[in-house]
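Once you've looked at the hints, dock chain B against the given chain A.
Taken in sequence, the protein lines are chains A and B.
Taking this note's numbering, the leading residue of the first sequence gets 967, the next gets one more, and so forth.
Taking this note's numbering, the leading residue of the second sequence gets 925, the next gets one more, and so forth.
Please keep in mind that the hints were generated in silico from the structure rather than gathered at the bench.
Note that beta-carbon positions come from the ideal geometry of N, C-alpha and C, so glycine has one too.
Just so you know, not all the hints are guaranteed correct.
[Said to hold, decoys possible] Here are the computed lysine-lysine pairs in the BS3-like style, where the Cα-Cα straight-line distance is at most 27 Å: (1) A:LYS1362 - A:LYS1125; (2) A:LYS1118 - A:LYS1061; (3) B:LYS1140 - B:LYS1150; (4) B:LYS1223 - A:LYS1118; (5) B:LYS1107 - A:LYS1118; (6) A:LYS1348 - A:LYS1178; (7) B:LYS1235 - B:LYS1057; (8) A:LYS1189 - B:LYS1057; (9) B:LYS1243 - B:LYS1057; (10) A:LYS1259 - A:LYS1183; (11) A:LYS1061 - A:LYS1259; (12) A:LYS1147 - B:LYS1140.
[What the hints assert, rightly or not] Facing chain A, according to a computed beta carbon distance under 10 Å, are these residues of chain B, among others: (13) THR1078; (14) ASN1079; (15) ILE1084; (16) GLY1086; (17) THR1095; (18) GLU1098; (19) ARG1151; (20) GLU1159; (21) ARG1199; (22) TYR1201; (23) ASP1220.
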Amino acid sequence: MKLLPLCLSLCLVSAIACKHKSEIKSYDVAKDAPAAASETASPADPHAGMPGMTPGAPVGGDPHAGLSAEQLAAAGAGLSATPEFVDSAPAHWKKQALSPMRLASYHVEGDGGAMTDISFSILRRAPGSTLANVNRWRDQLGQPPLDEAALKTQSQAIKSSFGDAIAVDIEGITPAGDPLKDGRLIGAIADEGDNAWFFKMRGNAALTATEKANFLKWIETVKPAPPGAAAPAAPAAPATPATPAAPAAPAAPAAVAAGDGSLTWTVPDGWVLAPAAAARYATLSVAGADGAKAELAISHFPGDVGGDLANVNRWRQQIGLAAVEAAALPPLVTKLSAGTVSFSLIDATGAEARLVAAWTRHGADTWFFKFSGSAALVAAEKAKFTAFIESVRFTKPE
Amino acid sequence: MKTILRRLLVPLASLRLTVVCLATALVLVLAGTLAQVNINPVEAQQQYFQSWFIWWSAGGGGFKMPVFPGGHFVGAVLLLNLIAAHIQRFSWSWSKAGIQLTHLGLIVMLAGGLATDLFSVSSHMYLRQGETKNYSDDDIRTELAVTEQTSGATNRVIAIPGEVLSACGSTSHEALPFKVVVKGFYPNADLQMVGQENGPSVPAASNGAGAQIGIKALPTFSEMNKRNKTSAVVELISNKGGKSLGTWLVSVEIDQGQDFEVDGRHWSMALRFARYYKDYSLSLISFTHETYPGTDIAKGFSSIITLADAKHNENRQVKIHMNHPLRYLGDTYYQSGYQSDNSTILQVVRNPSYQAPYISCVIVSLGLLMQFTYHLVGFARRANAAKAL
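Chain A on its own, in the form it takes in the complex (with noise of 0.2 Å):
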């Protein structure tokens, strides 16, 4: 009895002795689903299976902050491959070079030399990320820090290719900042398995704010290239000119120039470039999942081709309705912005088929963009319609 205390003390001695040191460990892990690591160590090593096992210490806390997901992104270098991503920016936004971490890079140039810078990136998620990456975004504005409450409240839920993801709108400037380079941030964050995906323009505060709206429907368009898709990621405006006269085929959501290049404009997800066909610039078109199809017919004309009463009725006419007089026209038409070119819009229903048609004037001609077919179908594609003029651009100046 009087040797117990000895022979636990001796234990505990023993076991101080076999306390595992800070070794380096080698173990196999699986490339894909998880298994279990079959550890060098030996079998009878209580640690087995678990590699580096030291004692540890309690836990920390949260966030990581720190270098920025796209600051990472561009200087990634050398970072293990990514996966391959497709995406459809506005005409406008000048590609730029990418990294394995940077997916995706555009700028955009505004008046008086301001400009916004675009990314597109990934990382392994950390515990916690989120909030903190928001505040790290903050920090760089000069912003002080959110709590997870406030964060609620001043961001905004949106949707991602790579599951929902949330939004923030940040405003400030550090006394340093260059006001033409910075002063907003619209970031956001989506979070998928290990990986945290990374959507960030900052820049000019006035040029941001001017294309929040593109650059949320940018995000939307983000995502894996299917298989066999070659492009890494996205093609971007000044893509390889695409031709009315060549073949139909499946269009990846890209900003492309058509035709003899006098425009730009970015293909809606599901539509698809037709056959070139007479007196029409290029032709797109769209079919529904009950075989209904709508085509967008782009054509231009030297002059008003008669006027905008006479065009309106002709293509009322087309779908069953009745011409309207001059003085009904007015309010009828509806406006609609695509960088600095205006057009007019026209929306008509008839009995059963749908017309959207938009037109502008540039240079000497009048182009027309008329979008009609099955009236469910058209109804259904009317936002890609609308987001396709805001996508268009013209290259040669008036």
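For chain B alone, coordinates are given in the frame of chain A:
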């Protein structure tokens, strides 16, 4: 011989020594608590309680001297004191059995505390709905994971602990065709793009991400809600001819692997929080966060997970919620928290001596009960004898 042993035991078994140890422990707890004003609780625990001595360095220089006994020292002396007293005063009799048992219980408690201090490991497992993991992450300790990308189903990982890196020496391993020479280790650092406004002008490394990033050492955080950005600059030296392959910046901020090739073999390197792999996996089926109606005040969290262990033929669903942990193969999973995306955070504790306090309490209780009963019976006998007179 017996006399010498007894001479040694007498001062070691002294009750005065017990009192001095307890008083020292009181001072230590007070000092360790107050120290948390300036340093984070983890550091305070390491400096004051998980150490043999508390060290003082003059002006932060290299010279250090012990100024006060640390937790391990006080605990060890107290343990020796108790054992010595036990040996010296032990004599088997029913009248002292309870006292002996109580002392034994205290010895078990002290030994268990020390074992917990030395061997318990706490980490966290972060699981999103539908996600499966077979490892947990340390929250403090880091490791440099050098992974060989192979064509097979597995990759070989050589994990070099952050403690080894912090020694800033040269490290080699039989599985590596190169040496890892640490050119700089930063417990906390600020990484900034080279050329960025007010940023560094010199890149931290010649290869990988570090070729465009500068590094600046920062003091470590004392706040528990901040995490140090541990970073290091390492140089790889080929085993063939000792040729330098370049330098890399590794950081927990760049935990995605940086690829490189050596002698036709493909490698990737990342500094990450140390991983503890399991022989089984957990998948999160669902996480529930209940709040009291009309408030954001938490009422309860619970995670329903699938435990899969082919080796032990286990595949079952388990609900982990507050005060209802999952215990499996020496690991205990507590519901620790959650994130806004309904992912769960499980604290994973591996403590080989977690039963020591329970055993100790049972022994001490038995000892006290025996002692009390013995005296009660004696008292009753004397009382009855007095009545009979």
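Structure-based check of all given hints:
no. : hint                  : verdict
1   : A:LYS1362 - A:LYS1125 : 35 Å, violated
2   : A:LYS1118 - A:LYS1061 : 32 Å, violated
3   : B:LYS1140 - B:LYS1150 : 18 Å, holds
4   : B:LYS1223 - A:LYS1118 : 20 Å, holds
5   : B:LYS1107 - A:LYS1118 : 43 Å, violated
6   : A:LYS1348 - A:LYS1178 : 21 Å, holds
7   : B:LYS1235 - B:LYS1057 : 16 Å, holds
8   : A:LYS1189 - B:LYS1057 : 25 Å, holds
9   : B:LYS1243 - B:LYS1057 : 17 Å, holds
10  : A:LYS1259 - A:LYS1183 : 24 Å, holds
11  : A:LYS1061 - A:LYS1259 : 33 Å, violated
12  : A:LYS1147 - B:LYS1140 : 25 Å, holds
13  : THR1078               : 4 Å, holds
14  : ASN1079               : 6 Å, holds
15  : ILE1084               : 5 Å, holds
16  : GLY1086               : 8 Å, holds
17  : THR1095               : 7 Å, holds
18  : GLU1098               : 8 Å, holds
19  : ARG1151               : 5 Å, holds
20  : GLU1159               : 15 Å, violated
21  : ARG1199               : 7 Å, holds
22  : TYR1201               : 4 Å, holds
23  : ASP1220               : 7 Å, holds
Going through the hint list in order, the structure does not satisfy hints 1, 2, 5, 11, 20.
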